[in-house]
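**Student:** Sequence:
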Amino acid sequence: MAAELHIFAVPGIPDITPGAELGALLAEAVTRAGLAIDAGDVFVIAQKIVSKAEGALVRLDEVVPSPLAEQWAAAHGKDS
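Using our numbering, you'd call the opening residue of the sequence shown number 83 and step up by one each time.
Calculated from the structure, these hints are not laboratory results.
You may find that some hints are simply not true.
[As the list claims (entries may be wrong)] Cβ pair distances, simulated, as ranges: (1) Asp161 with Asp123: 20 to 30 Å; (2) Pro149 with Thr113: 43 to 53 Å; (3) Ala115 with Ala138: 25 to 35 Å; (4) Ala91 with Ala155: 28 to 38 Å; (5) Glu152 with Pro96: 43 to 53 Å; (6) Ser162 with Ala85: 21 to 31 Å; (7) Ala138 with Glu86: 32 to 42 Å.
Note that the Cβ used here is the ideal one computed from N, Cα and C, for glycine as well.
Given the sequences, and given the hints that come with them, work out the whole structure.
**Tutor:** And the structure:
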């Protein structure tokens, strides 16, 4: 029996906010897309949305770069 791999980007996942129930949001998006979740299916979820749901957010204007970060930024033409 030949193994098969099907990859789908699930449409309709809303913006993720702290406290969001990712499993429920994903299941709802799958249903709205007319797809089904079968035994053995694997979902790959970006760490970014997991962090957002966990509330692991940092305000960029509150970050103070270290001297090493400033050196690296200057050497590579980036903002520090």
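**Student:** Does each hint fit the structure? Answer for all of them.
**Tutor:** Results of checking the hints against the structure:
Take aspartate 161 and aspartate 123: their Cβ atoms lie about 41 Å apart, and the range 20 to 30 Å is violated. Taking 43 to 53 Å as the suggested C-beta distance range, the pair proline 149 and threonine 113 conforms, at roughly 51 Å. Look at alanine 115 against alanine 138: about 28 Å separates their beta carbons, and that is inside 25 to 35 Å. The hinted window of 28 to 38 Å between alanine 91 and alanine 155 holds, with their beta carbons roughly 33 Å apart.
Under the hint 43 to 53 Å, the C-beta atoms of glutamate 152 and proline 96, about 37 Å apart, miss the expected range. For serine 162 paired with alanine 85, a C-beta distance near 48 Å fails the hint of 21 to 31 Å. For alanine 138 and glutamate 86, the hinted distance range of 32 to 42 Å is satisfied, since their beta carbons lie about 36 Å from each other.
When held up to the earlier numbered hints, the structure conflicts with 1, 5 and 6 and fits the remainder.
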